[in-house]
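Chemist: So you can see what is in the structure, the chains are spelled out below.
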Amino acid sequence: MTLTLRKYMLAAASVLAFAATTPALAATELTVQRFFGACDAEFGTNTDASKAVGECGIITSLINKFNADNPDVHVSVTTVEWPGYDQLTAQFAAGDPPDVVTVHHSVLGDYQSRGLLMPLDDLLNSVGISPSDFTDASLSGVTKDGQIYGLPIDNWTMLFHINMDLFKKAELVNADGTPKLPTSVNELMAQAKQFKEKTGKPYFVQNLANEVALYTRNLYTYLFQQDSDFFADPKQVKLNTPEAKKVLEMYKAIYDNDYTTKDMDYAASINAFLAGEGGVHLNGTWVIGDYNASSETAGTALNAGGYAVYPYPQLFPGKKAQYADGHSWAVSQKDRTPEEAAAIGKFLKFFNDNDFEWSRTGHLPAVKAVLESENFKALPHRDTIAAVATLGTPLPSTVQRQFAIQDIIGQEMNAAITGQKQIDAALADMESRINELLANI
Amino acid sequence: MSSVSSGMVGRSAGDRIVLMLTIAMAIVMMAPIAWVVALSLKDNKELMTDMNSVFHVPYTIANYINILATSSVFRWILNSVIVSGVLTILTLVLSSLAGYGFARLNFPFRNALLILVLLGLAVPEQAVLIARHQLFSWLKFHNTYHGLILPGLAAPFGVFLMTQYFRAIPKELDEAALLDNASRFKIFWKVLLPLTLPAQATLGIFTFLSSWNDYFWPLISGTKKEMYTLTIGIASTQTNFAQSEGLGFLMSQAVFAGAPILILYLFFQKYIVTAVSGAAVR
Amino acid sequence: MAEAALPGSNSSAAAGARKAVQDLNAPLWRNVLFVSPYLFFFVTLLVVPLFWGIWLSLHKADAFGTGRFVGLDNYFRLFRDKIFLQVVGNTFYFVLLTVPALAVIGLLLALALNRNTRTAAALRAVYFASSVLSVTIVTLIWRTVFIGNFGLLATVYGWFGATAPAFLSDPTLAMIGIAIATVWWCIGLPMMLFLSALQQVPREIYEAASLDNASRWRTLWHITLPSIRRTFVLVIIIEIVLQFQLFGQAWLMTKGGPNNASKPIVLYIYEATFIKWDLGLGAAASEILFILIMIAALAQYFISRRKGEEG
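Protein sequence lines, in the order shown, are assigned to chains A, B and C. Count the first sequence with my numbering and you get residues 4 to 444, in order. Count the second sequence with my numbering and you get residues 629 to 910, in order. Count the third sequence with my numbering and you get residues 5 to 315, in order.
Hints in this document: simulated from the structure, not taken from any laboratory. Treat each hint with caution, since some may be false.
For lysine to aspartate or glutamate, the following EDC-like pairs were computed, each having C-alpha atoms within a straight-line distance of at most 16 Å [unchecked claim]:
no., chain 1, residue 1, chain 2, residue 2
1, A, K352, A, D136
2, B, K768, A, D99
3, A, K183, A, D168
4, A, K241, A, D230
5, B, K853, A, E32
6, B, K673, A, E45
7, B, K853, A, D99
8, B, K673, A, D293
9, B, K853, A, D43
10, A, K249, A, E190
11, B, K852, A, D99
12, A, K352, A, D72
13, A, K337, A, D99
14, B, K852, A, D89
15, A, K424, C, D174
16, A, K322, A, D232
17, A, K147, A, D125
18, A, K238, A, E439
19, C, K64, A, E439
20, B, K852, A, E32
21, B, K673, A, E299
22, C, K86, A, E439
23, A, K265, C, D174
Covered by chain C, per the in silico footprint, the following chain B stretches (three or more residues, Cβ under 8 Å) [said to hold, decoys possible]:
no., segment
24, 661-675
25, 718-725
26, 729-735
27, 746-754
28, 768-781
29, 823-830
30, 834-844
Think of the CB as a built atom: it goes at the ideal place given N, C-alpha and C, for glycine as much as any other residue.
In isolation and in its complexed conformation, chain A is listed as follows (with noise of 0.2 Å):
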């Protein structure tokens, strides 16, 4: 009897492990890491991505509907603080890096430079992506040393978002109710003027205390409309140039005639924006969404006389263009068997074909097709926006710390437009500053 006891026990045993093991055996597992914050509550079962709203939501939503849809690959996802660097850092160094993780494009550079990074060029062709799919700027964003180091999801920039009632007011606004923007610095002057005497407000609401990216990203948007190519070698920066000195000289102006608002971080700006306390808020894609909701909501600064958003207005004379970064999907550098290296490519494959349902997230879309469909200029204020995915331009892809020397302009502006600093000092320390850096590499 104990016997058939044992026998038994032993059958159940090896149910229960054969049970447990199964999906391991029969699925792929893919470790995928990435920011955009978890939303387990509204979004941990949703499948359909087209429910979703926001980034956490969509991209929660498209990675369920994955594995869902493939059964023979398990993707496990780990959610890391914005922009997670510190810990992949980390993971690296210790040799146990995740296989898919988010990566700015900025900083593609950074990891690929050490060979951390795999090349995906390949693996992109065999799941039938080719390079052309993508948009330029998510092209050249994701390109280094002229291979692919990441699929591009998206790309995004500073916008001027627009309280149109304040406009009004300011009598900046065109025959066809579009806002006047200026096409010139001193447009620039006149109409913050105007503006400010009409409506008694800031032209700008900006968050310029607690913050490097805005002046950063400013910068260099007005330097590439001036044709400065500050960075022709990767490893030396010219900032101490008549162009950059022009841009400060502009930003100080702003700020000593109170064309600003001044001493807010970026959680205030929001609110000073949504409270109508200024005509234009520089900000990202990322927020078309919210404001777009504010200004439906009755009652709200954005509902009284409308919300618009452009690209930032060519002030100088040169290129057309503006800043740009991107996020995109990397791949680590690591032995792989060809199942895994399948489900890699499958997983990348399945993001582009959704390219569409993260662009709903304000980011313009990295694919080509999607920027140009029916879809997509269906959606609030991307018709006036889409030229970003042409405008858009980032650094030179050799430039390595990207996040580093966005802080070292960020502070030299921050001290040359509030006065801490002389402008052309400003400019010398920035320079070497940032040569510093890049010697040390």
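With chain A held as given, fit chains B and C onto it using these hints.
Modeler: Same frame as chain A, now just chains B and C:
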């Protein structure tokens, strides 16, 4: 018993003024915390447009439900309890033993070793972070509990604190016990350790607290979702723009992560202020 | 109890006792057993990594390789860097702002709240409560207090038609703003250390003093404070060590700005290590921070010791 510090009986006018002042200051101290709790009970979208909405209804517990719905949150709580709990217990044991040893016993190179440990107090975490990370990579300690616990055991703060407290205990006590032929360990355990209870409680709470809120080491060592501590885990659920679009959620996370320590404090605080000293010295 | 335990009486027992007390102070190897468990972790996880860090500071390296030996080059780079010299100054300034405040306020709170009443217990919990918050939340709170236009401070000043000082964007105020937030956040530890020290003062001393009709001030000045002198030194040293390592508050409230006015050394180290990937430079700056903390803490220790001997 009303006032141990002054040794006075009853309440004088001065006493009352001091009390009023501490209460007034406590209200100022408390205000931001009350504000955090209030924000945690508000809808995120509402806060994004109007921060002042925190002062009126509607309130909601949706943010807390959101936290509890996060798939791994209970695992993270468990991880934090294990890491902080084990670290605290081990720190108390190691620090008490070493504190007693340094304060009361003589052994070769004692003073040199004590000075070395005290110099260790001056070592900033950053000076050892990278080396520890490389060491633990080599030992394959990353993404394990011992990998998260061990670095905290080297902190000299506890030894410094316990050495000071053991020194403050009158020597007659253990010399008397020694004549009683009690063993060294027995004196430590039965006679002196109970007298350090206020210090033990203080050290325990702050070891637990700093481990619970520790950010940097767990971030770069426990990098897998299953090994996140609560601090890292909840930080990972925030979106890039949490401070504008998810303020209520952020605050509910703060309350959620801070509450266990406050409860622990309330539990331990009776050991910090008791009549222990009077009873022990007789 | 001790007397009752003494067997018999007479001088032989007293001599034995004296011998036992002498043994108590004799250096014995087996006494090391009490300190060796801690010393094991101390050496493997602090001393060894510290020397490893010093070795690293002599290299040009990132996280993915051993790099190459550059001698003292990283240290020379630091001393040529205006910003590094500025952050050293900032750090000392911050320590001067916070450490005395924490020690004095902590002591006053402990004196006021060292009672066995419910009110005192509740107030102690209130003063401790801010310590349980993580740095992310502490800084978020204080940013919304300090921030222009919408902040609590701006609102209050607005009632009186005044403009609030810009604690986050005025270079002369930024560090002070961070110090205020820090004192608010960190006051729990010194308060509790003083409380547990006050608990150690034998009550008989107070009873004797009250029999002598000593005034409250005299009791405080001549009995309470001298008996917790050791703890005062301990609190000062611990706070020096902690506040020299300012990082999160500055990073999250001002990013070290404006114009690096509120950037502390640890933030410089973080940027060098994790943003510039310049591990050797970060390691060199860490060693300098170590030396500065050591000098400051030792100075405090010896000053207080000499005073103690005189007194």
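Chemist: Now, for every hint given, state plainly whether the structure supports it.
Modeler: Going down the list of hints, with the structure as the test:
Between A/K352 and A/D136, the direct Cα distance comes to roughly 12 Å. Compliance with the 16 Å bound is thereby established for this hinted pair. For the proposed pair B/K768 and A/D99, the alpha carbon gap of about 10 Å is at most 16 Å, so the pair holds. For the hint linking A/K183 to A/D168, the alpha-carbon distance of about 13 Å falls within 16 Å, and the restraint holds. With a C-alpha separation of about 13 Å, the suggested pairing of A/K241 with A/D230 holds against the 16 Å cut-off.
Between B/K853 and A/E32 the alpha-carbon distance is near 15 Å, which keeps this suggested pair within the 16 Å criterion. A C-alpha spacing of about 15 Å is found between B/K673 and A/E45, which places the hinted pair at or below 16 Å, so the restraint holds. Between the alpha carbons of B/K853 and A/D99 the distance comes to roughly 13 Å, so the proposed pair stays at or under 16 Å and holds. Distance hint between B/K673 and A/D293 is fulfilled; the C-alpha atoms sit about 9 Å from each other, no more than 16 Å.
At roughly 14 Å between alpha-carbon atoms, B/K853 and A/D43 fall within 16 Å of each other, so this suggested pair holds. With a C-alpha separation of about 15 Å, the suggested pairing of A/K249 with A/E190 holds against the 16 Å cut-off. At roughly 10 Å between alpha-carbon atoms, B/K852 and A/D99 fall within 16 Å of each other, so this suggested pair holds. For the hint pairing A/K352 with A/D72, the CA-to-CA distance comes to about 13 Å; that is within 16 Å, so the pair holds.
Proximity of A/K337 to A/D99 is assessed by CA-CA distance (about 10 Å); at most 16 Å being required, the pair is judged to hold. As the CA atoms of B/K852 and A/D89 are separated by approximately 14 Å, the hinted pair is consistent with the 16 Å bound. Taken as a hint, the A/K424 and C/D174 pair is honoured in the structure, with Cα atoms around 13 Å apart against an allowance of 16 Å. A distance of roughly 11 Å separates the Cα atoms of A/K322 and A/D232; the hinted pair therefore holds under the 16 Å criterion.
Distance check on the hinted pair: A/K147 and A/D125 sit about 15 Å apart at the alpha-carbon level, within 16 Å; holds. Only pairs whose Cα atoms come within 16 Å are accepted, and A/K238 paired with A/E439 is accepted, the gap being roughly 10 Å. Distance restraint check for C/K64 and A/E439: the Cα-Cα separation of roughly 14 Å lies within the 16 Å cut-off, and the hinted pair is therefore satisfied. Between B/K852 and A/E32, the direct Cα distance comes to roughly 14 Å. Compliance with the 16 Å bound is thereby established for this hinted pair.
With a CA separation close to 14 Å, the supplied pair B/K673 and A/E299 stays within the 16 Å bound. A threshold of 16 Å between alpha carbons decides the hint, and for C/K86 with A/E439 the separation of about 12 Å falls inside it, so the pair holds. Of the supplied pair hints, the one linking A/K265 and C/D174 holds, its CA atoms being roughly 11 Å apart against a limit of 16 Å. Only residues whose beta carbon comes within less than 8 Å of a beta carbon in chain C count, and the segment 661-675 of chain B has 3; three or more means the coverage holds.
Judged by the Cβ-Cβ criterion of 8 Å, the segment 718-725 of chain B is covered by chain C as claimed, because 4 of its residues qualify and three suffice. Counting residues of the segment 729-735 of chain B whose CB falls under 8 Å from any CB of chain C gives 5; the rule of at least 3 is met. With a cut-off of 8 Å between beta carbons, the segment 746-754 of chain B has 9 residues touching chain C; three or more are needed, and the interface restraint holds. Residues of the segment 768-781 of chain B lying with their CB closer than 8 Å to a CB of chain C number 3, which satisfies the three-residue condition for coverage.
Residues of the segment 823-830 of chain B with a Cβ under 8 Å from some Cβ of chain C number 5, which satisfies the need for three, so the listed coverage holds. Coverage of the segment 834-844 of chain B by chain C holds. Counting CB-CB distances below 8 Å, 4 residues qualify, and the rule asks for three or more.
Checked against the numbered hints given earlier, the structure satisfies every one of them.
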